[in-house]
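Chains as they are written, first to last, in UniProt numbering: chain A, 1 to 341; chain B, 1 to 341; chain C, 1 to 341; chain D, 1 to 341.
Misleading hints may appear alongside valid ones.
One copy or two, either will do: identical chains are not told apart, so a pair holds if it fits within one copy or between any two.
Below, in silico cross-link-like pairs of lysine-lysine (DSBU-like), each with a Cα-Cα straight-line distance of 35 Å or less [stated by the list, open to error]:
1) Lys115 <-> Lys89
2) Lys42 <-> Lys115
3) Lys70 <-> Lys118
4) Lys160 <-> Lys199
5) Lys337 <-> Lys123
6) Lys19 <-> Lys304
7) Lys6 <-> Lys334
8) Lys160 <-> Lys334
9) Lys334 <-> Lys42
10) Lys160 <-> Lys11
11) Lys334 <-> Lys123
12) Lys19 <-> Lys89
13) Lys304 <-> Lys115
14) Lys89 <-> Lys337
15) Lys321 <-> Lys148
16) Lys42 <-> Lys229
17) Lys61 <-> Lys260
18) Lys337 <-> Lys61
These aren't lab readings, by the way, just hints derived from the structure by calculation. The model shown is predicted, which means the values in this text are computed figures rather than measured ones.
4 protein chains.
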Amino acid sequence: MIVIMKPGATKEQVELVVKRIQKEGLDVNIDQGTEHIVIGLKGDVRGVQDVPFNTYDGVEKTLKISNTYKLTSREFHPGNTVVDVDGVKIGDGSFVTMAGPCSIEGLEQILECAKIAKAGGAKILRGGAFKPRTSPYAFQGLEEEGLKYIRQAADEFDLKVITEVMDEGHIEMVAEYSDILQIGARNMQNYKLLQSVGKTGKPIGLKRGIAGTIDEWLNAAEYIAVQDKSPVIFIERGIRTYETATRNTFDLSAVPLIKKLSHFPIIVDPSHGTGVWDLVTPMARAGVAAGADGMIVEIHPDPKNAWSDGQQSLNEENYLKMMQEVDILTAAMKQIKEIEG
Amino acid sequence: MIVIMKPGATKEQVELVVKRIQKEGLDVNIDQGTEHIVIGLKGDVRGVQDVPFNTYDGVEKTLKISNTYKLTSREFHPGNTVVDVDGVKIGDGSFVTMAGPCSIEGLEQILECAKIAKAGGAKILRGGAFKPRTSPYAFQGLEEEGLKYIRQAADEFDLKVITEVMDEGHIEMVAEYSDILQIGARNMQNYKLLQSVGKTGKPIGLKRGIAGTIDEWLNAAEYIAVQDKSPVIFIERGIRTYETATRNTFDLSAVPLIKKLSHFPIIVDPSHGTGVWDLVTPMARAGVAAGADGMIVEIHPDPKNAWSDGQQSLNEENYLKMMQEVDILTAAMKQIKEIEG
Amino acid sequence: MIVIMKPGATKEQVELVVKRIQKEGLDVNIDQGTEHIVIGLKGDVRGVQDVPFNTYDGVEKTLKISNTYKLTSREFHPGNTVVDVDGVKIGDGSFVTMAGPCSIEGLEQILECAKIAKAGGAKILRGGAFKPRTSPYAFQGLEEEGLKYIRQAADEFDLKVITEVMDEGHIEMVAEYSDILQIGARNMQNYKLLQSVGKTGKPIGLKRGIAGTIDEWLNAAEYIAVQDKSPVIFIERGIRTYETATRNTFDLSAVPLIKKLSHFPIIVDPSHGTGVWDLVTPMARAGVAAGADGMIVEIHPDPKNAWSDGQQSLNEENYLKMMQEVDILTAAMKQIKEIEG
Amino acid sequence: MIVIMKPGATKEQVELVVKRIQKEGLDVNIDQGTEHIVIGLKGDVRGVQDVPFNTYDGVEKTLKISNTYKLTSREFHPGNTVVDVDGVKIGDGSFVTMAGPCSIEGLEQILECAKIAKAGGAKILRGGAFKPRTSPYAFQGLEEEGLKYIRQAADEFDLKVITEVMDEGHIEMVAEYSDILQIGARNMQNYKLLQSVGKTGKPIGLKRGIAGTIDEWLNAAEYIAVQDKSPVIFIERGIRTYETATRNTFDLSAVPLIKKLSHFPIIVDPSHGTGVWDLVTPMARAGVAAGADGMIVEIHPDPKNAWSDGQQSLNEENYLKMMQEVDILTAAMKQIKEIEG
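Using the sequences and the hints given, assemble the complete structure.
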């Protein structure tokens with residue numbers, strides 16, 4: 001942490017800042033520049049992060065140098081964390097597909113989805129039993145009934161399950177049926193929820209918030225990591241920008257960036273990332289090439305009659321075609337990783 | 001709701017769409033334009049909002065015409081809703097100030113804040129006992145102890161209380177001490193929480209989400225309104241944009257816009273809206289002039305030693321000066337409202 | 001400028017950075033923190049702004065401390081610059097209104113606009129003769145014919161003229177007819193144009209770019225200021241964000257912020273800032289209260305038949321009513337400024 | 001185009017709108033819905049785009065159905081336009097790389113860049129002679145001297161040239177030396193410049209604006225296309241969002257989206273798209289996989305000593321490695337295109 005004084009700051013102003021820093025038990029380094037005096041803080045600065053040095057007379061700005069997350073950082077854990085989802089490995093260099101409908105609509109529908117998902121090579125079945133909807137009048141999910149159906153469908157086709165948990169009160173219930181607990185974009189900064197799911201020991205699929213920065217996302221993961229039980233799987237699902245031609249702006253740069261900053265795996269969600277079914281396949285391909293550890297994608301046996309997100313769901317034919325393309329690119333990426341050593 | 005066909009869409013393609021609409025129990029109107037056939041849906045379209053007409057061959061796009069919120073809309077309730085906070089009226093044409101610290105730090109601090117708040121003319125005391133913090137290592141609030149302090153301080157100075165509730169499990173506790181329950185920006189779309197606070201009967205201060213659209217905000221209010229117990233007070237607190245010179249971009253247009261679309265009152269938060277203490281006063285003034293029903297503002301007896309948000313908190317002197325300016329503008333606005341009749 | 005080394009950076013890595021700095025003729029200060037070594041640069045760092053220290057091994061990040069603009073800054077010129085538009089003062093504490101149509105449509109229309117503008121108390125007539133339009137098929141302006149009309153109309157009603165110049169080739173022509181040269185939002189970073197208008201000696205109305213940061217805007221003004229001829233009038237006209245309920249997000253915080261950072265005056269454009277005629281008046285009021293030096297607003301004798309921007313133009317009745325309200329608030333602000341001393 | 005009346009709009013209000021439409025020479029279709037009357041416009045609506053129907057009493061909103069661009073659209077020209085850059089084909093299914101420095105710094109430097117570019121398989125040499133810089137004090141380019149150097153370097157290594165033209169006055173000069181004229185992001189809506197370069201007959205590399213929507217970008221291309229001389233090459237270079245961890249947010253969805261909406265080719269710029277050299281290679285790979293027709297990338301023999309953009313430039317080693325990876329993915333994409341047939 002660094003405090004930068006305004007040009008012309010007085011000796012007294014500098015001293016007041018220095019005293020405050022020393023009061024917090026830290027040492028200082030004073031750098032007399034041509035225009036600015038720069039005061040460096042030495043010691044564990046986490047305790048003084050909230051000190052409003054900006055309000056001291058003569059201070060121009062304060063700059064944070066260290067990150068506030070630790071356990072999530074690559075520095076703390078230089079190797080990749082491989083998440084083991086009851087035998088399915090995420091983060092080990094392979095590309096894992098999670099596929100399924102937006103909403104679980106009934107046993108038959110989710111069984112059909114599981115069959116299609118499996119045929120394409122997916123290892124994990126997705127499907128929502130609790131749905132966060134903009135309008136209170138929209139379908140809100142089948143709740144526990146849906147959880148039972150997705151578990152049954154997954155088991156029948158030897159798949160694992162990922163599904164969203166929206167509030168603390170349902171964690172235990174969702175954890176009973178699901179292998180991965182998903183935190184939705186709207187809840188990325190629902191800290192009580194993060195702390196609670198972090199205690200389950202189940203892997204947590206942490207979606208990036210609708211307007212979440214990379215830094216906030218890493219800090220949200222830290223809320224889980226400090227519980228020291230559950231590993232995190234980052235899920236890039238697009239961010240909100242001024243562009244309305246797509247539902248979100250799919251930020252694929254997040255893939256190499258998160259891999260640089262954190263040891264946890266990252267997968268991509270080209271369905272929400274674009275919101276338009278015929279953009280899903282090219283963006284799934286781009287996700288593979290960007291180096292993602294997998295993807296989560298919406299499929300439906302009959303998108304025209306899906307209860308939600310039909311416009312971004314792939315039907316069987318398009319899903320299978322996408323998976324064929326993904327396989328070709330996965331093979332190419334394997335070749336590339338071998339070169340990189 | 002309107003479905004627009006592509007130029008050259010075939011008769012068969014149009015028929016498939018029409019059949020689907022009719023299957024949902026709605027009638028259609030077909031408008032043969034020069035380039036596009038436009039299919040209008042007649043009847044209650046809320047049930048077909050999720051039908052992915054875009055995935056039908058020959059469809060170019062789907063446009064929603066009706067809003068999904070009802071009880072929150074000005075159409076439903078043409079007059080202004082005046083919220084009665086245990087005797088303090090919000091939305092009756094007056095300008096109500098809520099002031100206090102970001103975090104409750106102790107009894108002495110909140111008593112001092114209450115004294116200052118009162119001296120400036122505030123009617124409601126703010127202060128956080130549960131704090132949503134980006135980092136798990138930052139101060140998270142005094143919890144119930146803090147609630148007790150703020151209640152005591154408010155009572156001593158004949159003020160009402162507003163404080164944030166972050167999760168369902170604490171609603172009962174917070175409602176015991178607070179007159180208004182505040183939903184923070186990160187929780188604007190935490191639907192379970194909205195439904196639960198809506199059942200308390202207490203007025204709900206609903207902050208706009210960090211990247212919440214006006215439409216999503218109105219729909220979030222609808223989650224509360226459908227419980228038919230608690231009135232809503234909208235709180236504009238700035239939105240996330242590319243601009244980093246301020247903490248958020250303070251969207252004052254939301255004030256007249258919400259007043260046009262909804263009957264519930266709206267207040268502004270110039271502290272979070274700017275994030276910089278010396279921009280708070282001009283933006284508070286602008287809030288009055290934009291027609292807001294009040295404001296919520298951060299003050300601290302000693303911002304330099306505040307535990308959080310010190311950089312955007314006003315000290316006593318600046319707060320009293322701001323309130324003097326706000327009073328002058330409130331008087332001017334009264335004159336303007338008389339002209340408007 | 002500060003270069004921050006990664007934790008664990010080697011002595012050799014630090015030395016390479018230091019050598020590079022010294023090669024550029026600057027001195028260094030090395031601050032050995034607990035986690036990070038921080039290297040401060042001493043001397044005129046403008047010449048090394050583009051040195052990519054980030055690419056040196058062991059470097060974590062580089063932070064710029066000084067601004068790149070000088071002549072535009074409040075530090076360079078502590079008092080307010082009052083711009084004299086042929087006798088009309090902008091920045092002297094008064095609130096100056098510029099009103100007129102989006103496009104000049106003919107002599108009769110602009111005469112009618114001038115008459116209305118004058119009646120409401122505007123001192124300057126606006127109107128576009130060159131129009132930047134998204135589509136090449138939209139009306140592009142009457143060009144020189146329009147310039148003649150607006151000059152004639154302004155002269156008849158003793159008003160000054162502001163109009164946009166879109167390219168270097170027309171500067172001389174526009175300067176012949178107009179008292180202020182306006183640079184539109186799309187051209188805020190058209191540097192050749194900025195340099196050229198800066199040589200005319202006419203005041204330049206510099207609109208903020210559609211996605212211009214405060215810092216870029218100040219630097220754009222610097223392109224004009226370095227020509228040492230023309231003063232700048234900043235025009236806040238709203239920025240592009242994710243919100244679509246308004247045409248732009250009107251960033252009124254820019255008013256006190258620009259006044260803090262620069263000595264040039266700033267006015268607001270509530271017409272483009274909102275894009276909706278019935279939001280213009282409340283936002284004009286808010287602009288006064290935020291401390292703006294004036295505003296530019298679109299009016300039209302018959303908005304329904306305006307050739308462009310009809311949806312955000314005020315008719316005579318609404319404009320006169322707005323000006324009445326603006327006058328009341330201007331008086332209130334005068335009172336406030338007297339208190340502030 | 002569709003005009004939607006408010007619930008409860010009167011017969012007279014509808015008639016006024018209808019009369020206005022008919023006055024413009026168009027027919028109407030009136031659709032009496034359950035809540036809203038919807039008025040459809042029939043005929044060529046381009047002339048009425050600017051009619052502010054929203055200002056008519058009883059009107060709720062106006063929706064545009066048709067695009068305003070024509071010649072740029074895929075509907076107008078269903079096949080792909082293959083741009084021929086003096087023998088190098090862009091848009092024919094191959095992946096063309098343009099590489100070179102941000103700024104041309106001298107003959108030796110650009111010769112060295114050309115050698116490296118060629119070695120990696122690039123066919124086109126990039127390099128700026130006119131540089132748009134945020135600050136007037138930053139290096140602005142070698143101008144004509146630079147143009148001579150890049151032409152000489154390209155010729156020596158049998159490469160084509162792409163370079164930016166920033167203003168009308170230099171078009172002729174730049175066109176003398178360059179095979180492609182690049183329009184920079186800041187000039188995407190500099191309409192006079194677009195019209196002028198469109199008359200040269202040279203291919204135009206049209207960068208997306210810093211906050212340009214897909215729709216505005218297509219309309220900007222239309223300004224070139226209506227001159228009926230120069231083909232367009234779209235260049236996705238990232239957009240401005242709230243995220244600051246990367247220089248821009250690289251919107252790769254633009255690739256399949258532009259290909260769906262337009263017949264002109266699109267290439268990607270992972271250097272500006274990310275702004276960080278070690279994210280360039282993964283994003284270049286993602287660009288190939290997204291289906292781009294090529295890329296433009298910044299390289300430098302010695303990024304640490306580059307005069308500009310050093311932090312996002314690849315050195316020889318990293319560039320050659322990236323090209324190896326790009327080649328592997330290009331081969332994979334060829335396989336995929338064969339499957340797609």
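Practice problem: Quick one: which hint numbers does this structure break? Sort them smallest to largest. | Solution: 2, 3, 9, 10 and 12
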